[in-house]
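2 protein chains.
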Amino acid sequence: MKLYHHPLSGHSHRARLFLSLLGIDHDLVEVDLSAAANKAWHFLELNPFGQVPVLMDGDTAIADSNAILVYLARKFGKIEWFPTDPVLEAKIQRWLSVAAGEIAYGPAAARLITVFRVKFDADEVISRSHAILKLINAELARRDFIVATHPTIADVALYSYIARAPEGFVDLSCYSHVNAWLKRIESLPHFVPFKKTPVGLEKSLYVSR
Amino acid sequence: MKLYHHPLSGHSHRARLFLSLLGIDHDLVEVDLSAAANKAWHFLELNPFGQVPVLMDGDTAIADSNAILVYLARKFGKIEWFPTDPVLEAKIQRWLSVAAGEIAYGPAAARLITVFRVKFDADEVISRSHAILKLINAELARRDFIVATHPTIADVALYSYIARAPEGFVDLSCYSHVNAWLKRIESLPHFVPFKKTPVGLEKSLYVSR
Numbered sequence: 001m002k003l004y005h006h007p008l009s010g011h012s013h014r015a016r017l018f019l020s021l022l023g024i025d026h027d028l029v030e031v032d033l034s035a036a037a038n039k040a041w042h043f044l045e046l047n048p049f050g051q052v053p054v055l056m057d058g059d060t061a062i063a064d065s066n067a068i069l070v071y072l073a074r075k076f077g078k079i080e081w082f083p084t085d086p087v088l089e090a091k092i093q094r095w096l097s098v099a100a101g102e103i104a105y106g107p108a109a110a111r112l113i114t115v116f117r118v119k120f121d122a123d124e125v126i127s128r129s130h131a132i133l134k135l136i137n138a139e140l141a142r143r144d145f146i147v148a149t150h151p152t153i154a155d156v157a158l159y160s161y162i163a164r165a166p167e168g169f170v171d172l173s174c175y176s177h178v179n180a181w182l183k184r185i186e187s188l189p190h191f192v193p194f195k196k197t198p199v200g201l202e203k204s205l206y207v208s209r
Numbered sequence: 001m002k003l004y005h006h007p008l009s010g011h012s013h014r015a016r017l018f019l020s021l022l023g024i025d026h027d028l029v030e031v032d033l034s035a036a037a038n039k040a041w042h043f044l045e046l047n048p049f050g051q052v053p054v055l056m057d058g059d060t061a062i063a064d065s066n067a068i069l070v071y072l073a074r075k076f077g078k079i080e081w082f083p084t085d086p087v088l089e090a091k092i093q094r095w096l097s098v099a100a101g102e103i104a105y106g107p108a109a110a111r112l113i114t115v116f117r118v119k120f121d122a123d124e125v126i127s128r129s130h131a132i133l134k135l136i137n138a139e140l141a142r143r144d145f146i147v148a149t150h151p152t153i154a155d156v157a158l159y160s161y162i163a164r165a166p167e168g169f170v171d172l173s174c175y176s177h178v179n180a181w182l183k184r185i186e187s188l189p190h191f192v193p194f195k196k197t198p199v200g201l202e203k204s205l206y207v208s209r
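Chains as they are written, first to last, in this note's numbering: chain A, 1 to 209; chain B, 1 to 209.
It is worth saying that the hints were derived from the structure and are not from the lab. All figures in this text were calculated on a predicted structure; none of them were measured in a lab. Take these hints with a grain of salt, some might be off.
Since the list can't tell identical chains apart, any single copy or any two copies may satisfy a pair.
Unchecked claim - In silico BS3-like cross-links for lysine-lysine, where the CA-CA straight-line distance does not exceed 30 angstroms:
hint: 1; residue 1: K134; residue 2: K39
hint: 2; residue 1: K134; residue 2: K2
hint: 3; residue 1: K75; residue 2: K119
hint: 4; residue 1: K134; residue 2: K119
hint: 5; residue 1: K39; residue 2: K78
hint: 6; residue 1: K39; residue 2: K183
hint: 7; residue 1: K119; residue 2: K78
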């Protein structure tokens, strides 16, 4: 199993975190985004979207971090990570949609502005971030993990960009249930942290994009 | 089975279309968005996000259009709509992520500007729309439906906002494979169309939001 990733990509971290939580042996291959290696033809053959992460299981390429979570859970995970009961599966899907929607265009986008110098409207994406964080905080007031009393792939999908939201000037201090949940995820056996962006490094790497 | 919906919401149409394709008897309950009925407490109890659609199956409320597709497919659909093979399930998830991400913040957002007078950067969302339409067009050059030779819930998730993208000034004329696929979806037994926005109506309904 091989994971094409980038250490500053939260989408990559989701996949890496779940591989580790499941105890699956894997090689990490860093894709040099600053050299646009993700737009090279041999990478586009694996993922026409030109994005990390991509999981290779033998010759099978799985792109999209949510899709990687689904694949790993179904093929290697215990049923608790992604129950097959239709109501629970739907509830998990709701949060995978949030990860691909409100989180990607909220805290992840806010962080893209500061870390990768991407042009987004900071007010719009920061306000979208707080709207979804309020909903997540209210949900986490009711139980330890977002869908159940135990972690599922929905928690893995939400974790990375929420944990690093402050890098995009999204303040987490008033979301007490979110903060308790972050600690709960970080206490899971085989947790691997999402690297903090070293101050200044991002400029030298990405200012030309 | 009851579907809370709005006739101009593409997210609602996804759910309604799939209910119809599966031949499931259901009642439609229109939520008056112009009167903010979606923000009333009894609606927020069904969906704290305050969004249509919401599917009621007895006392169970399922919110998020992707989640509704997953629920209906697992509970009532033939396996072809949402195969359980891990590779196929992951491939379908990749496009559900696109529906919640690039489509929601691309063609759906572009249409929100014109139909619902929501403030988005038109250049940004229209350019994002064409980026994802190019990828979808390339994928549909290779097979009749987005993941397989038959339709899956990924096609249902993608259909509504692509079909009505021109309402947001996203021109579809150069995407021949997308256009052929739209016709293929529209030819499925029990297809129900996504209502075109009547010219002028949107102003009277939504100009005050």
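Structure-based check of all given hints:
{"no.": "1", "hint": "K134 <-> K39", "verdict": "between (36 angstroms within a copy, 15 angstroms between copies)"}
{"no.": "2", "hint": "K134 <-> K2", "verdict": "between (36 angstroms within a copy, 28 angstroms between copies)"}
{"no.": "3", "hint": "K75 <-> K119", "verdict": "neither (38 angstroms within a copy, 43 angstroms between copies)"}
{"no.": "4", "hint": "K134 <-> K119", "verdict": "both (25 angstroms within a copy, 22 angstroms between copies)"}
{"no.": "5", "hint": "K39 <-> K78", "verdict": "neither (35 angstroms within a copy, 38 angstroms between copies)"}
{"no.": "6", "hint": "K39 <-> K183", "verdict": "neither (36 angstroms within a copy, 32 angstroms between copies)"}
{"no.": "7", "hint": "K119 <-> K78", "verdict": "neither (41 angstroms within a copy, 44 angstroms between copies)"}
Checked against the numbered hints given earlier, the structure breaks hints 3, 5, 6, 7 and satisfies all the rest.
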